[in-house]
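Participant: Note that the protein sequences, when read in sequence, are chains A and B. The opening position of the first sequence corresponds to residue 1 in the numbering used here, with each subsequent residue numbered one higher. The opening position of the second sequence corresponds to residue 1 in the numbering used here, with each subsequent residue numbered one higher.
Since the hints were made in silico from the structure, they are not lab data. Among the clues, some could well be false.
[Said to hold, decoys possible] From the derived model, a few chain B residues whose C-beta atoms are all more than 10 Å from chain A:
1) 10
2) 13
3) 19
4) 53
5) 66
6) 104
7) 105
8) 107
9) 122
10) 132
11) 210
[Claimed, not checked] One-sided and incomplete, this derived list gives chain B residues near chain A with beta-carbon spacing under 8 Å:
12) 30
13) 188
14) 191
15) 192
16) 195
17) 217
18) 221
19) 234
20) 235
21) 237
22) 241
23) 242
24) 249
25) 250
26) 253
Positions of the beta carbon are idealized from the N, C-alpha and C atoms, including for glycine.
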Amino acid sequence: MHSAHAEMLRIENVSKSFTLHLRGGVNLSVVSSLSLHVNAGECVALNGPSGTGKSSILKMIFGSYLTSSGAVLVRSGAEFVDIAKAGPLEVLALRSSTLGYVSQFLRVIPRVSCIDVIASSARDDGCDDREAQSRARSLLARLNLPERLWGLPPATFSGGEQQRVNIARGFAAHRPVMLLDEPTASLDAINSAAVVELIAERKAAGAAILGVFHDASVRDKVADRSVEIQPVERSEICD
Amino acid sequence: MNHVPLLSARGLSKRYGARIGCEEIDLDLHEGEVLAIVGESGSGKSTLLGLMSTQLESTTGSLAYRRRDGLSVELDKLSEMERRILLRTEWGFIQQDARLGLRMNVSAGGNVGERLMAVGWRHYGQIRSEAQDWLARVEISADRMDDAPTTFSGGMRQRLQIARNMVTKPRLVFMDEPTGGLDVSVQARLLDLIRSLVALTGLSIVIVTHDLAVARLLSHRIAVMRQGRIVEIGLADQVLEDPQDPYTQLLVSSVLQV
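Given only the sequences and the hints, what does the whole structure look like? Please build it.
Facilitator: Next comes the structure, spelled out in structure tokens:
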């Protein structure tokens with residue numbers, strides 16, 4: 001990890017719009033001229049009403065959305081990589097070394113057991129089998145997932161259980177930059193508290209965390225700062 | 001990871017008289033990468049797979065491959081003998097119809113073992129034990145080893161085809177709709193198997209599928225084909241979540257959500 005306060009993530013003047021070809025080429029702007037930064041050991045919350053592009057910002061950093069303009073700089077060793085201009089291989093390399101992302105929905109191969117889903121994320125992070133299993137077990141226990149479910153594939157789990165598997169998978173890899181999209185959205189108070197604790201630990205270990213937290217009490221506990229996201233003027237322009 | 005592509009196509013085209021199979025394909029495949037080629041029937045994806053795997057001869061264009069010994073070879077300049085050796089020692093091919101990729105009247109063990117004999121294995125006991133080991137890895141039990149695949153279910157045949165291909169430790173495997181026509185539960189098992197093979201062996205795969213969910217779960221990158229051309233290529237999740245091309249947007253929006 002990097003020394004405290006080192007800048008890990010910097011977004012400069014970023015905009016995102018979608019061209020909807022199925023709707024006659026309508027241009028839909030979702031993020032406009034956004035700048036922000038996140039330092040090592042810090043958690044920054046993206047605030048704003050729903051539909052203001054908060055998830056889109058996380059996706060641009062992870063590379064699952066393209067960036068229309070501006071720079072998305074992620075520290076990799078001594079240098080910054082601009083995700084907005086990086087090719088697929090560079091983005092994949094950053095994902096396996098630097099970027100962690102907890103999405104809102106779990107997406108896995110149907111037959112794989114939940115403990116293997118999590119252990120495989122730890123293995124991708126360089127753990128041997130034994131350590132990967134132990135990380136997975138420890139996370140599942142902390143997130144209060146009943147042990148009888150660990151050997152089952154998560155497809156049949158409830159929404160809250162699936163989300164805990166998703167969080168465990170995200171936290172099993174110790175990445176220096178973490179993106180969290182509503183990690184506590186479908187969790188009860190006890191499990192929200194467990195997630196708050198996990199976030200605090202990653203911060204203490206020097207991770208830079210950028211997240212969307214709809215729950216104000218969770219946000220107050222984990223975030224050092226908030227960035228207010230303003231709704232973009234919804235002008236739909238036809239080409 | 002070596003940054004020189006494993007397989008590199010430039011200007012690859014295939015025409016059948018006036019009809020276009022594939023047109024001007026530029027494509028790089030990297031070591032350890034899984035590339036999915038998606039598109040509707042008739043989009044040219046199987047033609048492209050045929051060209052990349054040298055099963056089809058291109059009309060124009062070039063195709064280079066970096067061999068295990070580090071040497072890059074122009075595939076269309078290889079003699080038939082050299083090409084056959086390459087296919088046997090470094091490549092695999094999984095057919096959608098397992099009957100085309102297997103010898104249906106030879107036992108399961110024989111199907112796997114004969115590939116080892118083709119690369120020079122001679123000791124019967126070693127061949128049999130290596131074959132048995134691979135059958136176990138694809139979850140075919142030892143007591144079916146002497147049965148012919150005619151007695152196997154579709155999913156088992158497909159797993160046997162994978163064992164037959166993997167036993168010689170290929171670096172690159174081409175797959176044509178490997179999960180097509182299988183029940184969903186059988187398909188899930190096969191996806192799990194392919195994924196773990198990639199993770200364990202660092203294998204590169206070019207997979208043709210019309211199923212976007214399969215492409216998403218298995219591949220690093222997706223190439224979308226239409227009318228013989230690649231209309232969009234990028235990271236798997238980016239192509240599916242933020243498609244740029246009008247046709248990709250149509251394709252993605254046409255998928256039923258579960």
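Participant: All hints, please: hold or fail.
Facilitator: Cross-check of the supplied hints:
1. Every CB of chain A is more than 10 Å from the CB of residue 10 (chain B) (nearest about 18 Å), matching its label as outside the interface.
2. At roughly 24 Å, the least C-beta separation between residue 13 (chain B) and chain A is larger than 10 Å, which holds for a residue marked as non-interface.
3. Residue 19 (chain B), annotated as away from the interface, keeps every beta carbon of chain A farther than 10 Å; the closest lies near 27 Å.
4. Non-interface call for residue 53 (chain B) relative to chain A: holds, since the shortest CB-CB distance, roughly 22 Å, exceeds 10 Å.
5. The non-interface label for residue 66 (chain B) is consistent with chain A: the shortest C-beta to C-beta separation is roughly 16 Å, beyond 10 Å.
6. Under the 10 Å C-beta cut-off, the non-interface status given to residue 104 (chain B) relative to chain A holds; the minimum distance is some 27 Å.
7. Its beta-carbon lying about 31 Å from the closest one in chain A, residue 105 (chain B) satisfies the requirement of being farther than 10 Å from that chain.
8. For residue 107 (chain B), the requirement that its beta carbon stay farther than 10 Å from each beta carbon of chain A is met, with the minimum near 27 Å.
9. At the 10 Å boundary, the C-beta of residue 122 (chain B) stays outside the reach of chain A, the nearest C-beta of that chain being 35 Å off.
10. A cut-off of 10 Å between C-beta atoms confirms that residue 132 (chain B) is not in contact with chain A; the least separation is 24 Å.
11. A cut-off of 10 Å between C-beta atoms confirms that residue 210 (chain B) is not in contact with chain A; the least separation is 19 Å.
12. For residue 30 (chain B), the shortest C-beta to C-beta distance to chain A is roughly 6 Å, which falls under 8 Å, so the interface hint holds.
13. Here the hint on residue 188 (chain B) is kept, as its CB sits about 4 Å from the closest CB of chain A, short of 8 Å.
14. Using the Cβ-Cβ criterion of 8 Å, the hint placing residue 191 (chain B) at the interface with chain A is satisfied: the shortest such distance is roughly 5 Å.
15. Hint on residue 192 (chain B) holds. Least Cβ distance to chain A is approximately 5 Å, under the 8 Å limit.
16. Against a cut-off of 8 Å between C-beta atoms, the interface hint on residue 195 (chain B) holds, since the closest Cβ of chain A lies about 6 Å away.
17. At about 5 Å, the closest approach between the beta carbon of residue 217 (chain B) and any beta carbon in chain A falls short of 8 Å, and the interface hint on this residue holds.
18. Interface hint at residue 221 (chain B): satisfied, since its Cβ lies 5 Å from the closest Cβ of chain A, which is below the 8 Å cut-off.
19. For the restraint placing residue 234 (chain B) at the interface with chain A, the shortest Cβ-Cβ distance is roughly 6 Å, inside the 8 Å limit, so the hint holds.
20. For residue 235 (chain B), the interface hint holds, the least distance from its beta-carbon to any beta-carbon of chain A being 5 Å, beneath 8 Å.
21. Hint status for residue 237 (chain B) relative to chain A: holds, with the closest Cβ pair at about 4 Å, below 8 Å.
22. For residue 241 (chain B), the suggested interface contact is upheld, since its CB lies about 5 Å from the closest CB of chain A, less than 8 Å.
23. For residue 242 (chain B), the shortest C-beta to C-beta distance to chain A is roughly 4 Å, which falls under 8 Å, so the interface hint holds.
24. Proximity of residue 249 (chain B) to chain A holds as hinted, the smallest CB-CB distance being about 5 Å (cut-off 8 Å).
25. At about 6 Å, the closest approach between the beta carbon of residue 250 (chain B) and any beta carbon in chain A falls short of 8 Å, and the interface hint on this residue holds.
26. Given hint, residue 253 (chain B) at the interface with chain A, holds; its Cβ is 6 Å from that chain's nearest Cβ, closer than 8 Å.
Going through the hint list in order, the structure satisfies each hint without exception.
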